[in-house]
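Enquirer: Okay, here's what each chain looks like letter by letter:
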Amino acid sequence: GESVGLHLPTLSVQEGDNSIINCAYSNSASDYFIWYKQESGKGPQFIIDIRSNMDKRQGQRVTVLLNKTVKHLSLQIAATQPGDSAVYFCAENLANTGANSKLTFGKGITLSVRP
Amino acid sequence: GAGVSQSPSNKVTEKGKDVELRCDPISGHTALYWYRQSLGQGLEFLIYFQGNSAPDKSGLPSDRFSAERTGGSVSTLTIQRTQQEDSAVYLCASSLGRRQPQHFGDGTRLSIL
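Protein sequences appear in the order of chains H and S.
Its first residue numbered 5, the first sequence is counted upward by one per residue in the working numbering.
Its first residue numbered 94, the second sequence is counted upward by one per residue in the working numbering.
If you are wondering where the hints come from, they were derived from the structure by calculation, not from laboratory data.
Derived pair list, reagent style DSBU-like, types lysine-lysine, alpha-carbon separation capped at 35 Å:
id, chain 1, residue 1, chain 2, residue 2
1, S, K108, H, K46
2, S, K150, H, K60
3, H, K46, S, K150
4, H, K46, H, K111
5, H, K111, S, K104
6, S, K104, S, K150
7, S, K150, H, K111
8, H, K46, H, K75
9, H, K111, H, K72
10, H, K75, S, K150
11, S, K110, H, K46
12, H, K75, H, K60
13, S, K108, S, K150
14, H, K111, H, K60
15, S, K150, H, K72
Sequences and hints are given; from them, build the entire structure.
Expert: See below:
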């Protein structure tokens, strides 16, 4: 069936390095994607989103890249800091069918930042 | 308030009891969503509200689960005759509409003894 998934369950990076978190999606009808960060005991926190008519979008220290050809989404975090340690989720939304507004989430990847 | 507010933050109850979870969305957000997150897992969609109507209830796992929204604002998720497999974190999110970021509350951690 259609699904959103992450390539690796954990990622360990050195403080100050750049982090890249990857996500594969299989539903070609998805037209909106979001990255969330979730810290222990908290709800998911919105990081950045991208629509399918874009290939790249930048925020503060974060960049999301969308490759529709291979159905791949990535989140790049520049100069990773200890506060970036968390679980990261990608999520997809199917194209507008009126009633269909739910997000489908991947299982999450843990980012651990080494001091 | 500035964000999505959920209550209670924690709920422990005995198997067979009914529970009611509350969500207060961001003011002005017409869309409201309920998700469930089991330990170490991703989020599972339960139900979506647009205004007071629920055009997508496809994620509700059984007829023991129901939800309502009144005044286009506060929503309650009710679980009747709770079972141990209902133990999870129940998350609520709201957004301005489709293809807009969904903003989450910190959830209700439900534990069924």
